[in-house]
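Trainee: Next come the chains, spelled out residue by residue.
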Amino acid sequence: MTMILIVEDNPINRDVLGRRLERRNFIVRFAEDGESGVALAKELVPDMILMDIGLGEGIDGWETTRQIKAMPETSHIPVIALTASAFSSDRETSLKAGCSDFDTKPVDLPRLLSKMNLWLQPSAVA
Amino acid sequence: MGTNLTSLPIHLDKIVNWFLPKTIEVNTDRAKNVRMFLLSHLLGPLLGHPITLFLLLNDPQPWPHVWILGASLTMFWVFPFAVKFFGRYYETLAFISIQNLTFAILWGAYNYGGVSSPFLIWLVTVPLLAFFYLGSSWIARIAVPISMVVSTGLFYLAYISDKSFPVNIPLSSMVEAGLVSAISACGYVFMMAIYYTNIVDSQSELLKEKDRHDQTMQELIGAKEDAEAANGAKSDFLAKMSHELRTPLNAVIGYSEILLEDAELESRGEDIADLQKISAAGKHLLAMVNDVLDISKIEAGKMELFIEEIDLVGFLHDVEFTARPMIIQNSNKLFVHRNEDLGVIEADATKLRQTILNLLSNAAKFTQNGRIDLKIERENRGNEEFVNISISDTGVGISDEHKGLLFNNFKQAHPSISAKFGGTGLGLSVSLKLCQLMGGNISVESKVDKGSCFTISLPAKAASGLGEIGISEELQGAQVTSQESEPATARKEHSQQQETKDQTTIVVIDDDKAVLELVERQLSKEGYNVVTTDSAQTGLQLTRKLIPDLVLLDIQMPETDGWEVLHALQSDKVTAKCPVAILSVVDERRKALELGAIDLIDKPFNIEKLNRVIQRLNRNRGDDQLVRKSA
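Just so you know, the protein sequences line up as chains C and H, in that order. Taking our numbering, the leading residue of the first sequence gets -8, the next gets one more, and so forth. Taking our numbering, the leading residue of the second sequence gets 47, the next gets one more, and so forth.
Chain H on its own, in the form it takes in the complex:
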């Protein structure tokens, strides 16, 4: 249709558009029907009236039949106005127009030649036009053929009543008129046929386009599956490799220690130093292998938690005992601050111990002749109880720019660090992920040359925190936790603020499943509707579909990075107005704001930071709550 109409003289197109009723949506099939209707009604009388004129001139007694024919043809010019103002009744109007056409043809044929009339050939255009006007509706399929049979019947009845057709002009005087009429009819059908071919062509083009899109989508799905399979294979491979690596490492560590014992017995100083290096290197390698195994397990979602009751006082005593030797290596002193009534918490003891020891060993490693403080206290946050374990040192400290990199895999605050202090660069990443698995987090405060303080914050009941993930449904590969999945009692306990958040939907896009789980848990608990996905593509689709109140977007993603997703969201009319907050370990606030994000939330994520963003969003809207936008 497009090609046909754009090839119309521009003025005609304008006129057609002027008549197009507002109630008809542009670019629908119905709009195409209406345009066709308007076009043929505006031009039709121009084709018909030369015949009227011919009859008027050649019929000795033109009144009333030529005038009736003329009136019927002129009537077609009324229909565009009727459609413009009564667009709702388009179908009825089209049907009436078709009846008028049938009448004009049969009336002309009856009065000028009967069944031999040169005008009768026009009857074939009636069903054709009916389909053009009405599409393949029941009116075109059933009502129009019936009405044609009825009209033809009336035509025949009129003939029967007189046993003859009136002879107003002898057929022999209408030869030229007959030829012109036949050619006009052919021309008309020809135009319709061209129009029809255009539509078919453009539709098959559309179909081809759709096929191409489908194919691309299939390829993308295939690629996605391949990538997921590859990722799964990677995790399996790492897990197997880590296991296989440990056996030879056992030999390296074991035999170097045997030799070390021999050397110590025989006081061979040089050998002792060398063997200590082999042993230390072996242990370092083993620690790395263990960390890689942990990371791959966490990333593959295979890290299981074994939640048990932990008596904090006894537990800390044990940790302290284990940590003492490494604390004194750099002539540091360890001070433990705790109350005797810390009670019990529910957590995975092994993983918590691993996390605390890791932080303690870092503190010991980066501090010389200093002090390390281990402090434990309980904290009530609203309805939930947390336990905060902080490990502070008086060591080298971490600069602000390096703080963001701390929790990344294989990143140490500075490349020279591994040379000077050793370590795998995985320890903090593993520690953070383990804490997040238990529903907690690790935060850092640090000043260069003054020292660092790492604080582990864990819910006192990790198990219940996990349980609240509750019923989650799969929606296009995304995890959806709706607020309804929370137990009714738990909902009541939440304060009023929850009600104001009822309608707030947040889409979270982050490739790190552990982060997604954490963010989802925290946001759901706050009463937001949270939809998470680890795929940028799904994220775009979800945002388009849900028009959320806020999109939380991670920057560092493997295939499509956050900036690209932000750009895509803003180029799409549907999602352009969705507020997007960037999640990033690097402080690129200025870049984020320049590119149209409303804010940047630095990782590690915590709920207070998000609440601040949402409060600001609300203030900017001059509104006391987030209101769901309607599409």
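In isolation and in its complexed conformation, chain C is listed as follows:
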């Protein structure tokens, strides 16, 4: 089973995305902010992290990603950044922060799933 960690401050978004992924047989775990996201990533070592960029208070999604990528035990986990704005600057910043991919909210599930598949395959092979 594939475990996904969703780092997202908005409970509705968390709930909707989580439930839709669970239906597709993912194991879903949640973090409400960047700090707990880093902690959970280290503790659970999920197969993938879906990272909201605008995380309200505390560190943002980019900083969270940087910290996750800086830890040897979690650096291999693919992170897909999710943001409300479609600006290419956000995409660039996300890729620089270490994210593997980038998608916009509200989530277009088929599109997100195809991106997730792309990044999950190597680990599935391994």
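Certain hints may be false.
[To be verified] Only part of the chain C face toward chain H is listed, based on derived beta-carbon distances under 10 Å: (1) 1; (2) 4; (3) 10; (4) 75; (5) 82; (6) 86; (7) 97.
Read the hints as simulated data drawn from the structure, not as lab findings. It should be emphasised that the depicted structure is a prediction, and the values quoted were computed from it without experimental measurement. Beta carbons are placed, not taken as given, at the ideal position from N, Cα and C, and that holds for glycine.
Using the hints provided, position chain H relative to the given structure of chain C.
Mentor: Quick look at chain H alone, frame taken from chain C:
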């Protein structure tokens, strides 16, 4: 002065005007001085000669002193002629006249009564007249008092040499003459005082008028600042609102999709249809919110470009992939025409993708069982390379009258369209503005029931296009890009035509900053001096100040519309002859021509249309280039 002079008998005013030299500009302070000078010189001898006559009759030995006095007073009639023909030497003439007056008074006083003479009282009129003639100049302030001291000194020396004044008529026989002289002197000073009061009154009236104007201006500036602040607040508000609206929309869209999945799993047909409607409505609302956010960002000048290299072939593949699902919805087929060697361009990939997808989705929406063609090619225009991306369909098409409305916010070609086809009415407006931000444009060709073709035209290097805006200075709130701001090398590369345009100044008045930026960039590149403003008022001032060779005037502006500006330009003598071309999305050429514009350039603006107007302007002038008019 005005009130005083108009109250003069008309004939006298005519005479004064006849003597007024051509070298003096009307309505200046100096003209007022000269008029005063002429008036008192024409009337002065009439006041003086009764005295001469009295002396002539009462002096047993009038020769030579009465005749000298008479000659001196008659001399005043020579001065108006001298001023008329030697107006340049007015100050000198006025000074000589004052010396003559001093001499006449002292000469009369010396010969008839000495320091007790009834004529001595006239001496007080000398400094008074000096100021009237010369204004507050150094001659009136310094030379005249010195000359009076010197004259009085000579008067005293003449007395010393004889130890007495000559007694031509005994003082006792001059009592009546003395009284008349005193009253005349008082009358003269009285007239001068009235004149002076008139001037002071009219000036304080002017000052009050000026104060009122200043106050109005302050209020206008305040109102302008308020309006700008309100506009900024509006953009901020829209940006915040759009963001805040998205969160609940996420819930609507997200949960309706969850429920939709449930319904699909359980094959509840009716629920599926309802949930699809909720989901579609939510997505539509979200698209609108996004468009509003984009528009408010563009209008607030906050939309940033992220120029990157785009590999066109890969980029199009991606766009095509994204667009496929919406193309097949109405059973349409998509054909892509492109060469494999399209290479790379520099543009903002996200915004270009958004624009192309928007046009593709429009094409798909308005076409049933038809074909949609996406065609990309490079084009060389002079020194610059462009890439043209055209999206054509075989759909319903757009009538000519609706074409003009296409790119307006919230306007769809027909109100029934949103009912039938959906859409926000903002898509094309956003697309056009995004293209313009990148230095490009979108043009439309369409025939009803045959289909439409939208063509995006972008410079292959958007970044360099933006860079050329270069050094722009603030001039009364207007953006000025002078041709000098272009790099010297770039200027050389432009053809000869540039030199002929060197002197051509164009003022552009349009409330849409994106249009201003685009027009300015294109015109500057062509070598024109371009001055732009988004305020009608500033536009009027600029036109008055610069007397440009052409004014490009937008019609649809929020406060003062273009027609009003056109009217104001034509009612003002200074700007009446400035050629004005109207920029409009609506074809109101006839109205524009009737109201005195030289032409109408329909929006979206492009440089070819303007060049045609300028060529025609030149032909009409029988001239091979635009010549800067001198004011």
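Trainee: Each hint: holds or not?
Mentor: Now for the hints, and whether the structure bears them out:
no.: 1; hint: 1; verdict: 7 Å, holds
no.: 2; hint: 4; verdict: 6 Å, holds
no.: 3; hint: 10; verdict: 6 Å, holds
no.: 4; hint: 75; verdict: 6 Å, holds
no.: 5; hint: 82; verdict: 8 Å, holds
no.: 6; hint: 86; verdict: 12 Å, violated
no.: 7; hint: 97; verdict: 5 Å, holds
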